[in-house]
Amino acid sequence: MLNYGIPLQYFLIVATIMFFVGVYGFLTRKNLITILMSIELMLNSVNINFVAFNKYLYPDKLQGHFFALIVVAVAAAEAAVAIAIIINIYRRFSNINVEEVNEMKY
Amino acid sequence: MIDFSYTILIPLIPFFMFVFLGLAGWKFKPMVSGILGTTGLFVAALLSYYTAFEYFFHTEKILGAYQKLTGFNTVWLQLTDKLHIDLGVLLDPISVMMLVVITTVSFMVHLYSLGYMKGDTGFVRFYSFLSLFSFSMLGLVVATNIFQMYIFWELVGVSSYLLISYYYDKPTAVAAGKKAFIVTRFADLGFLIGILLLSWLTGTFDFKTLTGAHSPVITQGAGVAFMGLSLMTWSLILVFIGGAGKSAMFPLHIWLPDAMEGPTPVSALIHAATMVVAGVYMVARLFPIYFMAPGAGAGLEVVAYVGAFTSLFAAVIACTQFDIKRVLAYSTMSQIGYMMLALGVSGYGGHEGLGFMASMFHLFTHAMFKALLFLGAGAIIHAVHSNVMQDMGGLRKYLPITHITFLIACLTIAGVPPFSAFWSKDEILAAAFHHNKLLFLVEYIVAGLTAFYMFRLYFNVFWGKEKQYHHTPHEAPFTMTIPLMILAVASIFTGFIPFSKLVTSDGVAFASETEMMIAIPSVVIGLLGIGIAWLLYKKESSLPDRIAAGLGGFHKWAYNKFYFDEIYLFVTKKLIFARISRPIAWFDRHIVDGSMNGIAWVTTTTSEKIKGLQSGQLQQYGFVFISGAIILALVFGYLLIF
Amino acid sequence: MNVLNLFILIPVLTMISIILAKEIRYVRVIAAIGMGCQLVLAAVLIFTYLAIRRAGNTDEMVLTQTLNWFPSLNITYAIGVDGISVAMIGLTSIVIFAGIFASWEVSDLTKEFFVSLILLSTGVFGFFISLDLFTMFLFYEVAVIPMYLLIGIWGSGPKEYSAMKLTIMLMGGSALLLVGILGIYFYSASDGGPLTFNILQIAKVHIPLVVQKFFFPFTFIGFGVLGALFPLHTWSPDGHASAPTAVSMLHAGVLMKLGGYGCFRIAMFLLPEAAHEMAWIFIILTATSVVYGAFGAIMQKDLKYINAYSSVSHCGLVLFALLMMNKTAMDGAIIQMISHGIMTALFFALIGMIYGRTHTRYIDEMGGLMKIIPFLAVCYVIGGLASLGLPGFSGFVAEMTIFVGAFQHADTFHRIVTIVVCSSIVITAVYILRVIGILLLGPIKNNNFLSFKDATWFEKISTVTLIAGITGIGLAPLWLSNMISGSLSHIIERLTM
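Residue numbers (the numbering used here), protein chains in the order written: chain A, 1 to 106; chain B, 1001 to 1642; chain C, 2001 to 2497.
Heads up, some of the hints might be wrong.
[Stated by the list, open to error] Calculated cross-link-like contacts (lysine-lysine; reagent style BS3-like; alpha-carbon spacing at most 25 Å): (1) C:K2022 - C:K2111; (2) C:K2022 - C:K2159; (3) C:K2022 - B:K1573; (4) B:K1561 - B:K1573; (5) B:K1170 - C:K2460; (6) B:K1397 - B:K1611; (7) C:K2445 - C:K2111; (8) C:K2453 - B:K1574; (9) C:K2301 - B:K1027; (10) B:K1170 - C:K2213; (11) B:K1501 - B:K1068; (12) B:K1170 - C:K2022; (13) B:K1467 - B:K1573; (14) C:K2453 - B:K1029; (15) B:K1029 - C:K2445; (16) B:K1539 - A:K30; (17) B:K1573 - C:K2301; (18) C:K2445 - B:K1027; (19) C:K2111 - B:K1027; (20) B:K1061 - B:K1611; (21) C:K2111 - B:K1170; (22) B:K1118 - C:K2371; (23) B:K1574 - B:K1465.
[Claimed, not checked] Residues from chain C shown here face chain B by an in silico Cβ test under 8 Å; the list is partial: (24) A2051; (25) M2299; (26) L2390; (27) A2410; (28) T2412; (29) F2413; (30) I2416; (31) V2420; (32) G2437; (33) N2446; (34) F2449; (35) G2486; (36) S2489; (37) I2492; (38) L2495.
Just so you know, the hints here were simulated from the structure itself, not pulled from any lab data.
Computed from a prediction, not measured in an experiment: that's the story for all the values here.
Heads up, the beta-carbon is just placed ideally off N, CA and C, and yes, glycines get one too.
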């Protein structure tokens, strides 16, 4: 394994922490914006993994980078849509707490 | 061989009249419809007389016996390979006699009703129902097979229902019609099961085969026994239940008195002269089986005892009633009891068959004088607008023709010679005397009672104190009096018809002569009855009431018809409706349907309970998902390591 | 072209024309014309059929045609008729024709109503002409589904509840049925041949007894639900009470007959040995429902409930007679289906017409209608008399054929049950006369009723058609009985083998 300074494990640890922070936020937060942010966290942790693995495993290939870029693009689109929805929800309910927006429950 | 196929017209003419009047009758003036109906019956009556004449005097006898001829026959419904229901015309002495009786009485009633029912709103309906009844009754008597008889049996039942409930806005009339129909229907159930059993045993419905004197079918079903009697006997008893229902035999008699709610001409036609003797006719029709089938003697015993008991029972009640039509109704029951008894004590063939002949003879004379009595009662009711004896008295001055004819009828039924019932009743008593002394004694007493209650009626209505009338009673119009006079003549002279030469059990003529031994005492007791009635009721007196009071409980018991209506009401309303029907309705709604709803309830409750899982909260799903993933990871990790 | 296809084609064309119709008032005219054609066609079919038989054709099914529309599972559009299906088609066309006229005044969503009604009848017609189990099942479902909409939308009272109950129970029935049909299908291969849904081909195969005994209850109960088999009949009172007039007519008149027809055409015909072995259970159940239904009807107050219970009783008699498995009784069963179909349609039509005037169905609140609406009242009396088995009407023919047939059975058990069943004729008389007495006769109870008009022309067409059917069969039953029993020979042969 080539030694570029920072070993792979460090990236993975950071990514894992980020991911589980995201999971924790996703599961516990009630505010839609925070949930969205948590999702972004998770996505970005995955991005880190992609890039890191790409660099360490196949340095002459670019698939990992592409994936990371696609994820970023999709995340941007998703954030746009999600925020649009959240704004609409806010207009409708003056509230963006997920547990209180339960009009369609059952 | 004479072609009798035209006889099919006799029932068909009234049928077409019924259809025509029923569908198109309202287009004419009521009277036109009435006259049309009457004309139809008149033609049918003429055809019957012609048929009777041809049959009795021009057909070939074999070994001196009148044969059963089939005038017309067609298969109506093929049931199994052997069993088929035919519709046809069977001519033999009893059916020809019945044709004459029915068409005569029916024609008289049609004619009479032109006056009696005049101005009634349902005039056309009345005539179409009368035609329907005549059709059904004629179809019944000419039946070639027992199933045809059942078909028309039901039809007379329904026409009786329609005519009893004729005044349909009167609740009592509706109730009476319903009662009549349901009681007879109940009896018909017996009849139906009897037919099923009989046809199963013998493999035929056909009367000719069933009642042929040496027919092998008669010996069928002897071997199998149920409760000590052979199946054949059971089937005959069941069939007799049907007859007992129609003929108002005890204990299925309760509908007949109520049936008097119908218009009086209807009572005369259906509930006196024709339909109520259908049971007698049926037993007579099946008489050879009743007599010859192995072990079926028990069937005849039943017939005899039921007949005797009914005649006594009804005569006692008749002595206490005040409604003149009800008195006549009980009297009818009593007289039919006579006929049944006569059949029950009869033997088969020659002089042995005296009872059979006497029964038919009495049926014939009874039809005439009882129709006369009812039509007379109708004329009285027409004049005073009441059914109850207490409202009447001294009517002889106002209704001379009715008075005379009514008197003739009363004398006839009391068995005074030479009126017709003297001859026929005498034969019945003779037959009973030679068979069973106990039954004879019963009938002998009934003869006295009959004379008493009829003259009680007669004196109460035509003599006694004159009552306050709304308007002066007036004699009925000629359309009503003519039938009275014709029937009066018939009541006097029909006794001289030599029945023993014409209508006998095996079709062979035999010599029968009046036995003075029996005739004289029966006349004496008849006169005695009349005498007592004369003493008690000729002048208004308190004596009858005192006697009634002296009898105390028994009188009250008899006056209330021995509480049979109440017993029946108890059984139907309290037991069947309240204890069977209502619980079933409840059971169905709550248990059967409840269990269905219960299943639905279980399903919805369960899904209600578990629907929380599908909360729509993504976070919850995510939590479950991730915890699941972690648990799985731990498990696999554990498995990998160890 | 095979004349039978027209029975599907005409309703479909009628539905299309109704959908395309510009104005609402044309809708009912189109429906009436379409169903009138159907009635004429049914008459033509009867004559064609009789002519074919008279020409000496003794095939089990005539006018057959086969079209393989799903070859991989060998599902075919196989059609053909025998005397029984011809009779049932005649019944259906009479009832639907009368039903169109009885619903002449539906003003709410008229187009949709008539389309659903005719769709329902298409399913029924398709069911009766099919010879392929799967196609039959398909048409069966086509008949059941519109029922849900018809009751749920145009019904009265607790209509959603009733519609749901009816549909779910019938669907439950079809679920059982599907199991049965598939069971039969997988044992239908004869000597290594392909699996088939075709009834005639299955009939040539001997299905092992164990398999028969396993699948017989599924098929029989599956159809039995529709045929109001005790204790699975409870959809019937609620469903009928809530359904609009024409739907009650079609449902009680025709759809319930699908049950009876299916019971013998599929369950008993294809699984004869199991039918023999298990008949006694169902005989007891059906005998119970005959007597039980009649008793249940006595104390009811709602006209439609009375009639629904009466239907339970009469349909019980149909299944009872079928299970007797002899020619006469089965003949009677088919006649009873037809007779009861027309009779009960007449009743429901009249109840609908009376309800349309009085706006109540409780007999206690009415009285003396004979004076106010004599035409309808007389029709009601005729229907009542027919229902209690009066000679001259079809009910008598049917009942007597059944009783005589059932009593010919060699076994004492069957005869005793027959006697029990016979007693229903008395109970029937009680509840019929009770209704007539309270509802039609007696004094007028409510003076508001005095303003009612008697039957209109379309109501007259509806009732007279049905009464003509009842009396026609009642007066001259021989041709019908012969037509049916001729076709029964094949079935009896198989049942007694």
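> For this structure, which hints from the list above don't hold up?
Replying inline: 2, 3, 5, 6, 7, 8, 9, 10, 12, 13, 15, 16, 18, 19, 20, 21, 23, 24, 27, 28, 29, 30, 31, 33, 34, 35, 36, 37 and 38
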